[in-house]
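Start from the sequences and build out the full structure, keeping to the hints where you can.
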Amino acid sequence: MIAPGELTVHTLADATGTTRIAELRQRYPQRVTTALHTDADYPHAAVLCVQSPSGGTFSDDDLQTTVHCAAGTHLHMTSQAATQVFAGTGPGARHRLRFSVEPRAVLEYLPKTVIPQADSTLTQSIDVDVDEGGTYIGWDAIAAGRIAHGERFRYATIDTAFTVRVGGRVVARDRQLITARAGLDCDYLATLLIVTPGLSPEPALAAVRSALAGHPGALGGAGELPYRAGIFARITAARAPELNEVCRALHAAARHTVLDPPIARSA
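Here numbering that gives the first Met the number 0 is used: the first residue of the sequence shown is 0, the next is one more, and so on.
Calculated from the structure, these hints are not laboratory results. Each hint should be verified, as a subset may be incorrect.
What the hints assert, rightly or not - The calculated label-pair distances, taken between Cβ atoms and stated as ranges, are: (1) Ala14 x Arg151: 47 to 57 Å; (2) Ala160 x Gln79: 18 to 28 Å; (3) Ser209 x Leu183: 21 to 31 Å; (4) Ser199 x Leu23: 28 to 38 Å; (5) Ala70 x Asp118: 42 to 52 Å; (6) Arg180 x Ala14: 49 to 59 Å.
We put the beta carbon where it would ideally sit given N, CA and C, even for glycine.
Structure below.
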């Protein structure tokens, strides 16, 4: 039986090296599109877009996302639009995400921004387990609220955490607990996580720092994960366009340094 709010994705590579979806379990309010192969640079990669028919996440939602990338596969997951978090009488929206990446596999997870509405609560946990030789590129961004509606930092609580494992062993943990009293001087807060066990983190770290320096509209810092398992960056921005620009720049920097070179294009 598929639980409410469940999304499970398993990938496999076919004889041509193209990533296919070997197992897909989904139940409202989580839905995904058919896997597409629309990445011009990585045509063997599968692209999945997570959709929310309900328009957002409600206070009694308990979402569970599980993704397993088998060796030799490349999956890029994104979302259709920003995720609204609604207030209500429930205990608060919850989302648990578990990602596992085998050797020579790549998982890119870049959802759109989370927008918590007034009095809403969101608890989110991301557990990433990457085998040596695997790659994870993740992005997570949270807005101060529905800013145009005057709801800046009027949500109740945003509690987000991630755990990084390499071959099942915990190497890093992080948690952010933000309330209306946080007093942040920005409207957007984002996290970039690149996990590449077995690969030197220095090139990716240098590229990410260079990308941050080239976007003065966003402030941030980056450093190595413990055990040289990858890098971690945290970014703030005052406006959505600045956030989107730095996201694209950081994603490009990550791809350039940790993925195999894209296919050559004819002139």
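Hints, verified against the model:
Hint check: Ala14 to Arg151, Cβ distance near 53 Å, so the stated range 47 to 57 Å holds. Distance hint check: the CB atoms of Ala160 and Gln79 are about 25 Å apart, consistent with the given range 18 to 28 Å. One distance hint, 21 to 31 Å for the beta-carbon pair Ser209 and Leu183, holds here, with the actual separation near 25 Å. The hint said 28 to 38 Å for the Cβ distance between Ser199 and Leu23, and at roughly 35 Å that hint holds.
Our hint of 42 to 52 Å for Ala70 and Asp118 holds, since their Cβ atoms are close to 45 Å apart. Arg180 and Ala14 have their C-beta atoms about 57 Å apart, which keeps the hinted 49 to 59 Å range intact.
Against the hints set out earlier in the document, no violation occurs for any number.
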